[in-house]
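Residue numbers (the numbering used here), protein chains in the order written: chain U, 1 to 336; chain X, 1 to 259.
Read the hints as simulated data drawn from the structure, not as lab findings.
It cannot be assumed that every hint is accurate.
As the list claims (entries may be wrong) - Quick look at which bits of chain X chain U covers, simulated, 3 or more residues with Cβ under 8 Å:
# : segment
1 : 11 to 18
2 : 147 to 154
3 : 211 to 225
Stated by the list, open to error - Derived Cβ-Cβ restraints for the label pairs, each shown as a range:
# : chain 1 : residue 1 : chain 2 : residue 2 : range
4 : X       : Val119    : U       : Asn149    : 30 to 38 Å
5 : X       : Leu95     : U       : Pro81     : 52 to 60 Å
6 : X       : Asp251    : U       : Lys256    : 53 to 61 Å
7 : X       : Val5      : U       : Asn149    : 27 to 35 Å
8 : X       : Leu95     : U       : Gly34     : 54 to 62 Å
Glycine included, every Cβ here is placed at the ideal spot set by N, Cα and C.
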Amino acid sequence: MKPFLSVDNLSVEIETSRGLLKVLRNVSFEIDSGASVGIVGESGSGKSMTLKAVLDLLPSTARYTSGEIYLEGVPLLSKSPKERRALLAEKIGIIFQDSMTALNPVLTVGYQIMEAPRFRLGWDKNKARARAIELMELVGIPEAEKRLNAYPHQLSGGLRQRIAIAIALAGNPQMIFCDEPTTALDVTIQAQVLRLLLDLREKENLGVVFVTHDLAVVNEICDKLLVMYAGRFIESGEVQKTFQNPGHPYTYSLLKSAPDPDVPVHRLFSILGEPPDLTKPLQGCPFAPRCFAVQDNCLASEPPIIDTKGAHAACFHSSEIVKMESLSTINKGGQK
Amino acid sequence: MWVGVAILGTLAILAIFAPWITHTDPTAQDLSNTLLKPSIHHILGTDDLGRDVFTRLIFGARIDLAVGILAVLFPFIFGTTLGLLAGWFGGWFDLLLMRIVDVTIAFPFYVLAIAFSLVFGAGAKSIIITITVVGWVAYCRIVRAQVLVVKELDYVHAAQLSGLPTKRILGRHVLPNVISQAITFSMSDIVLSILAIVTLSFLGLGVADPTPEWGAMIQEGQAYILQEWWVPFIPGFMVVIVGFSLSLIGDGLVKRLIK
């Protein structure tokens, strides 16, 4: 079976005043229909840019320099912008981080939900209205019919995010891309929205791609994990397996920096240093300067994605990292 | 803001109902009663040809306000449309348009105004054309800059991704969210355009005598400024009041529309 979405060797550059920024470097991944995939990484690692690149929403200063995106086997980048947009619109919906900017402040939420059915699918107003109410009930908005005529600023953050989900669902997509959808919400609302996304996954058989830096969220709702660093995927694998047995020192460090409620610590573990400047050419593994397991060959060349225990990690020393970390004296953030 | 609306509204009502408020003809001369002081018969006195100043003032308001509003409406429409398209589509169209904007801004306004009044003849028409030709650039720039911000916002991205036609995205999602600054600017722009009309008429390039117009009235009255000072002062004061009330409205709109 063909994967729902397949990205092959995709590279994107952005022109900035400091020079060309290589935001995505030869990114390849596959997502099956109905799958739920979490993409994690720190700010600037290229997670949101991956979403934008796939969805053809790159800023005007960015351009594709290599690669191809296949949506159900159809190569998107070879199509005209118009055809590309039509194909994407039919299959994929999106939810953004900030529900304040994700909704148009001058239109009622009902209107915004009805827009795609009415003006893309060509439904009449009453049918679209009925569908909007149905969707609002589906995403758990009480008094849906009354709220149809509300403006975004009249709703709370949690409700706005639910509306955003309803808008994303209105076009009957098969997959929803979520760009840190819970980051701007408080914890209880976060849990509700995650619960909702989980329900939708089951009920509507909806695929979910989740961009986040919250590992707990990934653990809760994703099956597959993709880790990004410096514009590249450095590790991919099943969530459970990867959490127990990370193949890349970066993933290992990320997992270790997440606080464990059962273990009291004075200082959280943290990864020292900062990600590399992507306007400059890279020498060796981009994570090497911050890595506890760094060895000579790491500095010489960038590791390809190699197979480790059924998962893939771009590291020369995947098999030894746990041992290496316990031995190393550098980069111990805390736990004294 | 409401003070401004009240002043301007009163003035607009006076202007619209001018023929019913005063039964005097604004151009009727009475050479035996020239340069009278304000009195019961002539609330604001008479000018050098014995014409009633109050009558001329409110008939003049018709021309000044109408031209002022039209001379903002046309540039507003052109500038906003072009700015919207330039900001959204970018590319060579944007580049070309912005260079035209630069050239227009660099060109001295009154030189252009004199040239147009020679071509089209002095009068309200050529004033409106001149101000439109020059004025659209400000709206174009304001709207374009806003479009560049809004087009990267999530709801515009979401609208694009949901496959809506570009016309609808521009009309429903972009335009309503970029227009408030242009509207606010248009309020202060009306002041400027009324000033331009008054100035041009004062210079004899605008509305010609005997049609009542404030700039022309100031110009006719300036010879008497030492003895019968109210003749030039009153139309001048009207310009100040209109400018003041429009500024109040503009400030009020800034507070309301731009957060």
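Hints, verified against the model:
1. 11 to 18: Result for this restraint: violated, n = 0.
2. 147 to 154: holds (count 3)
3. 211 to 225: Violated, because only 0 residues of the segment 211 to 225 of chain X bring their Cβ atoms closer than 8 Å to Cβ atoms of chain U.
4. X:Val119 / U:Asn149: 30 to 38 Å: This hint is violated: roughly 53 Å between Cβ atoms.
5. X:Leu95 / U:Pro81: 52 to 60 Å: violated, 20 Å
6. X:Asp251 / U:Lys256: 53 to 61 Å: holds, 56 Å
7. X:Val5 / U:Asn149: 27 to 35 Å: Since X:Val5 and U:Asn149 have Cβ atoms about 29 Å apart, the given range 27 to 35 Å holds.
8. X:Leu95 / U:Gly34: 54 to 62 Å: At 46 Å between Cβs, range violated.
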